[in-house]
Amino acid sequence: MRKRVLLAVVAAATMGLMVAPLTASASSHREAPLIAEDPLADNTDLYAFQAPDNPNNVVLVANYVPFENPAGGPNFYRFGDDVRYQLHVDNVGDGRSHVTFTFRFRTSTVDPTTFLYNTPYVSGGVLTKRIAFDGTKYLGWNRPQTYSVSMSRISDEDPSSVVLGSNLLTPPDVVGTSSTGDAAYYHGLANAAIHNLDGGIRVWAGQRDDPFYANLGPIFDILSLNPLSATGGEDYLDNENVHSIVLSVPKSMIKGPNDSVIGVWASASRREETVLSTRAPFKASEGSWVQVSRLGNPLINEVVIGLGQKNLFNASRPANDAQFLSRFQNPLLATYFNVLFAQGVDTSNRQDLVDILLRGVNTLNRPAAWSAYADELRYNMDVPDFGFPNGRNLTENVVDTELNAVDGAFCGFAGVIPTCHAGANAGQLHQGVTQDSDHATTQSAFPYLNDPNMP
Amino acid sequence: MKVHRLHSIAIAAAAVVSTLLAACGPPTAETMANPAAPHAGVALSFQTDAVIARAQTRLRVKPDDWKSVDELAAAYLQKVREIGDPSYYGKAEALLKGALAHDSADPEATASMGLLALARHQFKAGLAWGIKARALDPAASRPLGIIGDAQIELGRYPDAVKTLQQMVDLRPDLSSYARVSYIRELLGDVEGAIAAMQQAIEAGGPVPENSAYTRVLLANIYFNGGRLAEAETQAERALIDDPKYPYALATLAKIDAARGRYANAIARYQQAVDRYPLPDFVIGLADTYATSGDAAKAQETYELAAAEQRLYRANGVDLDAELALFDADHRRDLPAALAAARRAMMDRPSIRSADILAWTLYQAGDDRASLAASTQAMRLGTQDAGMFFHRGMIEARLGLRAAAVSDLQQALHINPYFSLLWAPVAQQALDSLV
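Read top to bottom, the protein sequences are chains A and B.
Per this note's numbering, the first sequence starts with residue 179, numbered consecutively.
Per this note's numbering, the second sequence starts with residue 50, numbered consecutively.
Chain B on its own, in the form it takes in the complex (with noise of 0.2 Å):
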């Protein structure tokens, strides 16, 4: 069993890299119309597959007819948050490109370039984009979302207030309750997140996919909020919208692994990266493998998960943040993880890349330049367990006592079960404080 679960992650990684490998350089006539295969048993990306296929026939027939390069590169789009293949992005990029070439003020393919940006992880350009794209069409509400996301990630939160609160005035629906929601969980307001997502789940109405990513996006702030049991109800129930959902399936293996659970965790996590290999779902079936005492098996995954990360990187994802945390989290290379939280914190000063930043920097050592990071990173308020146990690791070592054990105590008060790797740890930092 254990063997043939390893021989589906590496099948699902040469999936990955072979596409790699086709889409270095421009796509050709022939890798536009030979998208990858579909992943078996992937019902949305067949839907998507139709679409592309579709659109492909038009511009076989009428290379010009740019609303159907609009609707492949969406598609495009699509495909990668389906399979998990990077290598859609050039493509994507290169039909925009197109697009754009022949109507620079086509407001499809600028607003779909916000996207592409957001996706990679550049978010001043996709900051960019989306105001062009807002001032091309006033009235829709897209642009906003892309403008607002850009805000978020780039740490200007008062300004990502006021882009949502137009996003939500202008179109009240599903795209902009879950940012409503995204945005008050960063502020602190756990309550008013999950009252937000709920209405987003409502909104989403009878569509799968809609339905079931709203519900492990609940299913998460649950989680994050410690209670298993009410983010078990929603995963499950995504879990029915799409009884392969690899979201559903990782939160899911998330809650297993918080039980304990750690085989169920296993074989659960092992079915959502054979779906879709997201290194997020790699990096928790690798730190379950190393909670349960299977080494062998956890450092193998990690390398996996360390290769993908290369992958993203080779198409464009910038990904010093991700890394950087990576790295910090199990002390791998840490000069080279400094360096990648430092970039991180000027391409995309947030909140989440200054607590890595926090994390990275007592890992190396550097206790009283963590001190100031943490402090920049919990500025909103945010009830985030693992930024309140990286502060109080880092008071602990300043000799802080009482600040320590009160954010190690709110650490494990907001969710116990914040980091299979790093839970325990608090745990016993605390009882060694007190």
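Excised from the complex, chain A in its bound form (with noise of 0.2 Å):
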């Protein structure tokens, strides 16, 4: 999960931050980093939404990598080769994964002489600088990375699921006009790595304009935030990038035997080690996965969880999120709405935002069979079009809809949600931007992510 926390304050100096302090010293004893952030293993956003152009599919969008500079270089963005990716669907509501996507990258060095991103080749007798595809592959991209997908209905750590593509391409990222050419250019580029598999699945990934929006800096330092005005914030991720993960799938297809309600999360692993085990010949797939970060409603971590804690729930499961059932009850945010804004808001015992967050909202999403609490981000696929909290669609506002639940503008709403008693603007508070600085719109195709930042 983004830690938007550390990275808002320090947002201007995002890379230089992302290696906490090594051990500075005058010498001698070895210094090893202790990295603050894992940027390739870094969940930032998950979307659940009806495709725009196909009422029969699903999309699931999770978002790794965040604040991607379009100025790259040297090393690009990529996906993590020893990251296993995972989309999970509990589609019955007892906070397991019933139906999960896996994806897992490989890079490959097609000039090994070179360590450059992008290397000249010969086009019609003429050399060639400009990326380009030639039906199969990627000419002139010396870094290729490809995925494999594949799908289990029995568990995370299933070794049989199905494999749905291999092989993959993705796009090489927006490089510079000279390497990947103008944005027309680079959509052909991009649009070249549109898989359509089996049984109506479509998949991409590579990078995208990243469109979640914020005013970060004031909302994590609540003290500047001016929860009372629309306009006058900063979108603290104009101009970035992410790398996307995009998947439309037949609803059919993650459909639960109860009803239409999927619960879903993302989430990052990589390999553990066994320290001592590798006097023998020494190989790489041995461990087990471990989960480094995982993401199922917007800004659970940042909002809810807070410090001290961040580190467990990114590392625990969704069926176990009862224990922190405590910090949906009784939101710190809402103390301080009441301290800093005179809000009035209850801080205790908020069903509304425990229904909202963790087991879905009566007679909209909460599972037919619902039995655990679990920050699932859930989606009645009967009701498409609703937007968060059910499912989440690339351009809304979440950051205003979340204060404004925190709030209480849900409570007590249509009658489907507990009562409690809402802040003095409860549905009135905004974050101070409206809409994604860079682009205000998504494209209506897939992959509905725009094309990245241009350097």
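It is worth saying that the hints were derived from the structure and are not from the lab.
Quick caveat: nothing in here was measured; it's all calculated off a predicted structure.
Glycine included, C-beta positions come from ideal geometry on N, C-alpha and C.
Please note: incorrect hints may appear among the correct ones.
Unchecked claim - Covered stretches of chain B (in silico footprint by chain A; criterion: 3 or more residues with CB under 8 Å from a CB of chain A, positions within the stretch not fixed):
(1) 217-226
(2) 231-239
(3) 444-458
Given two chains presented individually in distinct reference frames, assemble the corresponding complex, making use of the accompanying hints.
Rendered as structure tokens:
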């Protein structure tokens, strides 16, 4: 999950702070890094919505690698080859994954004698630098990354999961006009990496404009937020890119036995390692997977869980989220609202937030056989266009929704959400930005998210 | 050209000394508002400066913003790493003490105190802070890194293996993989160390310093195995991440020197020192001058290294082991060196301290005691050419001819370039024995 708190405060210096202070040393003892951030495995946002061009499909989007600066060289950005990316669907309500999509990536080097991201190639007798797609592969891209997708109906760790596709191409990052062309040309390169798989599944993975927008600094330094002004804030993600996994899947394929409600979360895992096991030839694939980040509803780690438990939250499973129940019932942010903005909203026993964020809203998206408190992005596929907290679409102002939810805006809503005492300005709070500052809309065609911002 | 180089060393040293002077006494509002000017061309430092400026701005408005206090302290620690000015240690310490006075259970400040203690080579204190930080946030992996680092430096290797296993089980990432690599290297498992460091590099992702730093660590593992070409490839790759990365430049300089390309080595060491006058780099430069036959330049540069070490000491860094090795290598003030080596064995009884004690005892003429210390140093089976060389020399003087031949051969087998000063001595000693 994105450590927005840390990153927000130091937004201008994200790269510098990715490395927490290493043990600075006069000499001698080996300094090993203590990284605060692990961007390749950092889950930033999750979306679930009906495919705008196909009402039979649901689109799940999981974003990773936050704060990609378009001028990203020399390493550029990619998915981690040693990270297991998963999208989980709980279609029962027990907090467990009943349909798991697993993505594994592999980077190869075409010309190992150079570290360059792209290398000139001969086309029609002419030496060309601009990367091109020849129908099966990208010419001139020296570090192509491909991936496999598999699906399991058994568990996250199912070794017999069905491979839906392998050696699927990702597109190159947007590098610059001489290497990846202008916007129209890059659009063609990116769309060449759309893959139609069996059973009506479409998949795409690569660099996108980050559709999330947030006035991050003031939100997390709540003192400087003016929540009663709809404008005047700053989109701290302006012109930033992200790496997206976009999966369009037929509703029928992920629908559960009882109803059309799904609960979705995304995760990233890395392999553990046995410190002393390598006297024998080393095998990189030995260790079992350890979950290092997960994400269901937006901003849960920041708004609800808070410092001290975020590591535990990231390592734990939705089925065990009852351990965090009191943080949802008694949100610290509500206390801040009362102290700072004289809201007078209830600060304890907030069953409204528990329903919205942990178990689904009655009659809207609570599973018929509800049994587990679980931070899942709930989505009743029969009510496709509601938006968060029923699924989440790419352009909505989810920060405003959550600020107002904490202020009690949904208390007693339509008789289906438990009552509570709402804050004085519930429903009128604003983060100060109303749309993604670099793109007001998204594309109507798969993969829906916009092409990345150009350097 | 030479004049220019010397001049820039002097400037670098002067900058360090002046910030030291500025930092004597507790940080004032003025010193906090005006950190040392950014070192020219230091991109990473520029970003850290932005973090520092931001945190300072926030603290001027709201002095009790403890999160910003924690961040500023962390940025100060990072700053030492980037420009080699240890006066930031005192500033960081003052901030962290303030944060802990406000909330003694602040997990960030507690962990940062652990990092600070490690940076100052106060490993027992580092261990205590790490244990405290772990209790405050049992799901975090950072305290385990602090505990593991301290255990390694305190010579508690079985404990360190357990700690690092916990760390990598809890969170497999760059930080834990890099530590797994190091303990494997200490335990003599060089291939396992390389494999784990490659995982660390992969896990570093697109962050340039992560990538550059882990690649230099890998380059040095290769260098320590005498594999110059592979070391060079990794260090060159790190320079793509950051063209002036001082650690990479120093490693490339070391490789140049090993190949006898002293002019190149001197130029690269000079670049590294200009950016970050780390005593290790300065000593490498001085050794290269000495080997290339420029005794006067070598002497000046050694003096600079000695001055810098005094500077680190003045900022609370325990350098007993480093000073003992430096003095023993260069046969300066051996009684003081021996006293420092013995203190190091008390305070941080690692295999490295044992090796330094062995070598200092040898240089001071106490061969029996030096053999015992060497045995302790080599108890893990570490494939360290320097340790084998030290032992071979000790054995030779004790008349243990077969053992001496074997260990000197092993030293040169592991890494024929292990030391500019001592590799030729190892060969001569071997020639005289066989």
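Now the hints, each set against the structure:
no., hint, result
1, 217-226, "holds (count 10)"
2, 231-239, "holds (count 5)"
3, 444-458, "violated (count 0)"
Checked against the numbered hints given earlier, the structure breaks only hint 3 and satisfies all the rest.
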